[in-house]
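Protein chains: 2
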Amino acid sequence: MKTIIFLFYDGMTALDAIGPHIVLAHLPEVQVKHVARKAGAIQTDAMQLTLIAEHSIEDVSRADVLVVPGGGNATTLEQYPEVLEWIRAIHQTTTWTTSVCTGSLILGAAGLLQGLSATSHWAVMDRLKKWGAIPMQQRVVEAGKIITAAGVSAGIDMGLTLAAKIAGETVAKRIQLGIEYDPHPPFDCGSVAKAAPAMVQALRAAFECRFEKEK
Amino acid sequence: MKTIIFLFYDGMTALDAIGPHIVLAHLPEVQVKHVARKAGAIQTDAMQLTLIAEHSIEDVSRADVLVVPGGGNATTLEQYPEVLEWIRAIHQTTTWTTSVCTGSLILGAAGLLQGLSATSHWAVMDRLKKWGAIPMQQRVVEAGKIITAAGVSAGIDMGLTLAAKIAGETVAKRIQLGIEYDPHPPFDCGSVAKAAPAMVQALRAAFECRFEKEK
Chain A
1 MKTIIFLFYD GMTALDAIGP HIVLAHLPEV QVKHVARKAG AIQTDAMQLT LIAEHSIEDV
61 SRADVLVVPG GGNATTLEQY PEVLEWIRAI HQTTTWTTSV CTGSLILGAA GLLQGLSATS
121 HWAVMDRLKK WGAIPMQQRV VEAGKIITAA GVSAGIDMGL TLAAKIAGET VAKRIQLGIE
181 YDPHPPFDCG SVAKAAPAMV QALRAAFECR FEKEK
Chain B
1 MKTIIFLFYD GMTALDAIGP HIVLAHLPEV QVKHVARKAG AIQTDAMQLT LIAEHSIEDV
61 SRADVLVVPG GGNATTLEQY PEVLEWIRAI HQTTTWTTSV CTGSLILGAA GLLQGLSATS
121 HWAVMDRLKK WGAIPMQQRV VEAGKIITAA GVSAGIDMGL TLAAKIAGET VAKRIQLGIE
181 YDPHPPFDCG SVAKAAPAMV QALRAAFECR FEKEK
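As given, the protein sequences belong to chains A and B, one line each in that order. Each residue of the first sequence is one higher than the one before, starting from 1 at the first, in the working numbering. Each residue of the second sequence is one higher than the one before, starting from 1 at the first, in the working numbering.
The reader is advised that the hints may include incorrect statements.
As the list claims (entries may be wrong) - Calculated pairs, DSSO-like style, for lysine-lysine (alpha carbon to alpha carbon, straight line, at most 27 Å):
id, chain 1, residue 1, chain 2, residue 2
1, B, LYS38, A, LYS33
2, B, LYS165, B, LYS2
3, B, LYS194, A, LYS194
FYI, nobody ran anything at the bench for these hints, they're computed from the structure.
Next up, chain A with everything else stripped away, as it sits in the complex (with noise of 0.2 Å):
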């Protein structure tokens, strides 16, 4: 039975997590956590959208897979030594350690990234180098046990990638049957590269403001 965890923090994005867990919870023996510093309602940062940790990090002290997700300023984890403290610990019992969006800034913080190719939201990408790590605007990073995704919904590409070193390619596939991810974006507009300069500018600022307290 191997033990995935997702670690819930206030004003998370729900689908950095909903997105990976759709795929992880149908894998084959497998128990589910969702974790957070106290357990209980957790806010997460749209529209009064409340998940629940039903443990709390001090109860848990091992996963086979940590997910953390990101959040409109996922930087108020560093706010909670000991929540960066449980990951580095937990990280050291892992077979995966991985992240969704911006919560790879909070592995990074955790210190888990020094040295690493990471990505994140590519909107604060940058901030990677705050934490040592080697910035790629990729979907999904591998480097050695730790899985880093971009922005919001590549969580299920994240999540699919894993699925199949976990349980082979057979199993991510019929879970991917599963849940008809057989995209179809109305737009083609989800990455820098394909989106209209001015757009990206326009939201780049954006997310530089919720961050600004960091400066």
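Put chain B on the given structure of chain A with help from the hints.
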């Protein structure tokens, strides 16, 4: 201020709701509410993942947009005629009534799909006929003010399609870039047309089992 309502229920699939939620919650001038038969903790169909519905159906009498997610056996809601009655009443007030995955079977049970084209998860598509709907193997199907999406992950495509209708293409594109929705599925097997026939058959049989109580 537009009101966007997500119907939550025990056994729902989290991504069915969270996919469109990440999109629609980023529209300008909207309020989003999560509504269930009884307000409180909602157990999704995967591994103790729990969401909170902060409103009961009796507290909510109108919406500009209604989103009904699917679930492992969405027909469980048919046990609650008051929920179907509520869906019918809300539908009278909406600009858009929508579903993701087997959520369309709930709209069907509420009597909203009679004579209309609709989609659902591929494995239960034919069950739409029970409710007088015309099954369409498409990612997103529009029929008047009702928009149905295919399985699970299709809710993101539906959300963006709807976002463009509500707030214009520029806003929808900005949201798509914000959630970095430039999908790169690791395998090309996310639809019936693309997956191996044996895998399709096995998964269809598994879905049929979940719905067998209905027979």
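How the hints compare with the structure:
1. Pair hint B:LYS38 plus A:LYS33 holds up; C-alpha atoms about 25 Å apart against a cutoff of 27 Å.
2. Taking the CA atoms of B:LYS165 and B:LYS2, the gap is about 13 Å. The hint holds against a cut of 27 Å.
3. Taking the CA atoms of B:LYS194 and A:LYS194, the gap is about 26 Å. The hint holds against a cut of 27 Å.
When held up to the earlier numbered hints, the structure conflicts with none and fits them all.
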